[in-house]
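First to last, the sequence lines map onto chains A and B. Quick note: the first sequence uses numbering that gives the first Met the number 0, first residue 0, plus one each step. Quick note: the second sequence uses numbering that gives the first Met the number 0, first residue 0, plus one each step.
Warning: the hint list may mix true and false statements.
To be verified - Some chain A residues well away from chain B (every beta-carbon gap over 10 Å; in silico): (1) Q106; (2) T271; (3) Q320; (4) A420; (5) K433; (6) L466.
Said to hold, decoys possible - Partial selection, computed: residues in chain B whose CB lies under 10 Å from chain A: (7) V16; (8) D33; (9) D167; (10) V175.
The set of hints was computed from the structure by calculation and includes no laboratory data. By construction, the Cβ of each residue, glycine as well, lies at the ideal position given by its N, Cα and C atoms.
In case you want the letters, here they are:
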Amino acid sequence: MENRDTIIELKGITKIYEDGFKAVDDFNLEVKKGEFVTFLGPSGCGKTTTLRMIAGFDLPTEGDILLNGKSITGLPPYERPINTVFQRYALFPHMSVYDNIAFGLRQKKTPKDVISRKVGRVLELVDLEGFEKRGIQTLSGGQQQRIAIARALVNEPQILLLDEPLGALDLKMRKEMQLELKDMHDKLGITFIYVTHDQEEALTMSDKIVVMNEGRTQQIGTPEDIYNEPVNAFVADFIGESNIFNGMMTGHLKARFCGGEFACVDDYEEGTHITAVVRPEDVEITPPGEGTITGIVDSVIFKGIHYEITVLSGKNEMVIQTVHSAKVGDRVGMRVDPENIHIMLAEDHTNLFYADVNSDFRLEYNGHRLDTSLTAIIRGSRRREDGTVVDANGEVLEPGRVRILVFIQPDDIEMTDDQDAGLIRGTISNLIYKGDHYSYIIHTELEQDFVVDDEYLWNMDDRVSLLMPVEKMKFTLKHK
Amino acid sequence: MRFSRKSLGIPYAVFLVIFVAAPLLFLFYYAFTDGQGQFTMYNLTHFFTDPNTLGTLYYSFTIAIVTTAVCLLLAYPAAYFLATSRLQTKSVILMLFIMPMWINFSLRITALKEILNVLEGNLAMHPFLNAVIGMTYDFMPFMILPIYTTISRLDEALREAAMDLGADPVQTFLRVTLPLSVPGILSGVSMVFLPAMTNYVVLDMLYNSTYIMGSLIGSYFAAYNWHGGSMISLILLAMICLFTLLTGNAEEEGARGALL
């Protein structure tokens, strides 16, 4: 029996393009009537493709879309009671504001007087009374945006789809429209499905957020859930600013990461490989020796309402937001309330570490060069004639101001006895037999924990060096 | 003398005077004078009273309109499907349409003549049909290109928006794509219609007995009647100006979207 509150349900939606690119992979979602749902993720994560499949512009390769319990998977867009607000508005340039808004109603053969009444009312809703006769080109970006919303809303759709509708507006206007959209949603009771790559926008507006990456759903939950209890490193990293560490459970409610042993509230079996997330605002600076770990202040940036302080603890870096300043070079202690340490089972056991970019735009880790460069791993970036590197938007990437978050899978790392062969040395601190292979946790010289899968048996406390092939790594650019 | 950027325009100004302004003045002079150099309106009145010139004007008009219509009917669907398809080979197909323009014109027409010869036997039997076929063949790329460009520049989101608002593909075409491709249609029409009025070389090469405005002017000058020939040229020029003015206006409006 279908839940009567559910307005739309996506079941196992997969989209593979003709060129073989898998844009969406096994997407499942239930949306309740009147909910404000946001698809959040970086560009290319499949959020817009999913929206287009709901609208009917793209057909899923597999899976089913149910509206009020009935399949609409094969219906063309013009037979779905769903309307879209497009990214660049897509207003008809050869029509007046009135004709644009009336377009949908005229398709439905609505009587003229009803059309004119409804257009008037929806213009009032978007605060543009009296704009009926204006041409589209005479409107500002913000006004066009409102007309686009009015054109969709006037049809009283069961679901309103919004594809990054505020992306083209400036910051002030965007903030204003966020509140207005939220207001409209509350007033009209229509289900909104909203696509954005802006995490703040998602947190502000949504009842429910779907975080996506590389075509897969990462986490579905309320903004609070997603912010406070991210399920994996990707979500933690994407939502808000985070310190993310690889680590291991060292006992009951005890976890080792960032070169120290912290008390935490999540209970996993001793020896489990974990990812620990600590929000910058949750780290407390103490006198040296009184905290769980100590470190040297590396940089202090004044951000208006708080300072952003980076502390180096060994080779681990902790970013802290606090209202108290500190001096570069000071020794400080750091403490985190157990409640504020988010321990996640490193479910897929993906290892992550930061690599630096040297002045030659090459990547470095633990004093070793990685055989790749900035331009090779950041999509759309290129080296200009003056020797600087810019990203796809033309913004300059300075080697000192960026670093690279590197992801690598446990079975892509190889252990060797030759201590100088790998990128980093470490000691085997845990091993588990997994049926057809062993899973090892290597505690490295930089106080990090790596998970390595190997079919051969090594011994506890063996000293090994880790071989990590560059072609198996995945990279994300981070600004310092 | 100091060099100023304006001096860069001098060569073209000279060209303009010698090859545009002066001939125009001569055209005016001859059109309104007789053999003795006396001012006369005879050439003008003769044009509008001589059944021969009026008949030719009417016939040229008919050929030009039919040619333009045939070009439009053939070019629009081709341009539309090409512009909206996701074919990888799109640019190759477009090139096939345009390629005839790169082949020497007389070679093309001679080839066309041979083909028509085989199909029809005696070419003189179908002068009107052959005139239209020849000109359509020659001017087609000028119709396809502007329409293709206009349609492919249309944001695909506009078509999607129409469908999203409940318009099926036919309604989407009629209410969005077609009105928005009017500027392309107009520039295609003016690029085909005007030469189709006057280009008689195509017809000559097809051994066509058809007489159009271009051939009429040619015959006047061949008979050393510069005065009559100039007047016909002047009248054609006036008509072309008028036509360009009209479509120019409409094109602007088309861009703003008041048309249709």
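Evaluated hints:
1. Q106: violated, 4 Å
2. T271: The claim holds: T271 of chain A sits with its nearest Cβ about 48 Å from chain B, beyond 10 Å.
3. Q320: Per Cβ check, Q320 of chain A is outside 10 Å of chain B; nearest 40 Å; holds.
4. A420: At roughly 46 Å from the nearest Cβ of chain B, A420 of chain A sits farther out than 10 Å, so the non-interface label holds.
5. K433: Holds, since 46 Å exceeds 10 Å.
6. L466: At roughly 41 Å from the nearest Cβ of chain B, L466 of chain A sits farther out than 10 Å, so the non-interface label holds.
7. V16: violated, 40 Å
8. D33: violated, 53 Å
9. D167: Since the shortest Cβ distance to chain A is 5 Å, the answer is holds.
10. V175: Holds. Min distance 6 Å.
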